Amino acid sequence: MDKRTKIVATTGPVSENPETIQALVEAGVDVFRLNFSHKSHDEADRAIAMIHDVRKKLRKPIAIMADIKGPALRLYGYSEKIQIAKGQELIIQSHDPIGIESSKSDEAGTVFTNLPNIDRICAIGQKIILMDGYFTGKVVGRGKDSVKVKIENEGELRPKAHLTIPGADYPIPFLTEKDIADINWAVSRDIEFVALSFVRCATDIEEVRRLVQRTAVSMSKHTHIKLIAKIESAKGLANIDEIVQAADGIMVARGDMGVEMPIENVPIAQKSIIRKGYLAAKPVITATQMLESMIENPMPTRAEVSDVANACFDSTSAVMLSGETAMGKYPVQVVSVMRSIIDTVEKQFDYLDFHHDVPPEVQNGDIPAIMSYNAVSVAYRCNAKALIVLTETGHAARLLSRLRPRMPIYAFLTNEGLYHQMALNWGVTPFLHSGKGTRLDAVVDEAITICKKENLLTAGDKVVIVAGLPLAQQGSTNMIRVETIE
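Heads up, the sequence shown is in the numbering used here, so the first residue is 25 and it goes up one at a time.
Just so you know, these hints were derived from the structure itself, not from any lab. Please read these numbers as outputs of a predicted model, since none were measured by experiment. Every residue gets a Cβ at the ideal spot worked out from N, C-alpha and C, and that includes glycine. Among the hints, a few may not be true.
With a straight-line cut-off of 30 Å between C-alpha atoms, the simulated DSS-like cross-links for lysine-lysine are [as the list claims (entries may be wrong)]:
(1) K105 x K202
(2) K93 x K162
(3) K84 x K371
(4) K93 x K128
For each label pair, taking beta carbons as the anchor points, the in silico distance ranges come out as [claimed, not checked]:
(5) Q107 x E440: 50 to 60 Å
(6) R144 x K184: 18 to 28 Å
(7) H380 x Q112: 51 to 61 Å
Please construct the entire structure, taking both the sequences and the accompanying hints into account.
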């Protein structure tokens, strides 16, 4: 049986060639992430062409995720690394975002930021974090649109370093012009997922959803893009319940989260977000520094192995690799290591105990939720080899997925875009079927024939079939059927 927890891999200079893309898929990658903090549209086009070729060649469902930069705060005004001494004072000055990337500061010790009115946001004594936590400092003075920060440690400050002001509510738009252009590109290319950085509330998700629909209409397209909310700020965590409801999935972006809040709170937040996500039938990706030492080394640390394993024991839908596959020395090997950890954990996972602990609101929701819970219960009682779900949108498969059943979920769809999209969902193996059969028996026979052809089912196996009648109607999951394979 294939692994249930999915693997997301970030493409980059070391992996964006056909041979490595294919090797990554064969090693276990289910979703490729394109990071638009570092990627142009031309580079992204070349990457997706390779991914499309490989998934067609291997006949595998592989999703593509465009990760949008979002309202990140950065430092500008310098093009080379700045040597910072302990105790040095650095002036950070607000600058018009238009043209900021090419602007150069004329004064030594002064840098720019795209955050407006920084003097109004920071009080004397406010903690300031630079370069994802590498530098810390405190505000010791304020001027017009600027603050003076005393840096507490030495090192080299990289160009475009991140700026973080813990606890602050940044008064900047959620979408920049670049973000809008990147989202429009994603719609035009029929990308399966768009991941949104620094989501603060449900309104951010709704704003992007409206943009996606407007763009699709303007292009005369029908889009199935799903939106993944990256939780990486204290405000996003505070509004997690409304974000989970508004988004199509969640990413636990632990890098910026560990800068925006006390780092010891990150594991607690991770566990809470994963649970909220799967109970809402939304996939959750656990990301950042999972096997980061393998950027340079052929083997991970024991702590990293434990980190990946614990995310799987928490029932994350997917685990993500960033620099490891984008610029590391061992991109394929790191996926193989991650898959080995997943396989080992899944052999030890107590699926039946998980099923018994599902809260009442999941067991007793609407009719599709009730049917999915009872389908898994029936599958356990009759020792079914698999669950087969006939679904138009994938929602019925996601309802089964959130219950984390021991047996695989084979989802049969007619839409190729949704087929690839299902690659992110825990425990789901999607298949395309012809959709020509209007009778339930005809579609079930086709699904079973495909499973037998793929050597997933053999004579004597029991399967539990979940569907909605009439078949073409969305959101109508209302039937459970048990069959023995002949």
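### Query
Among all the numbered hints in the text so far, which are the ones the structure does not match?
none
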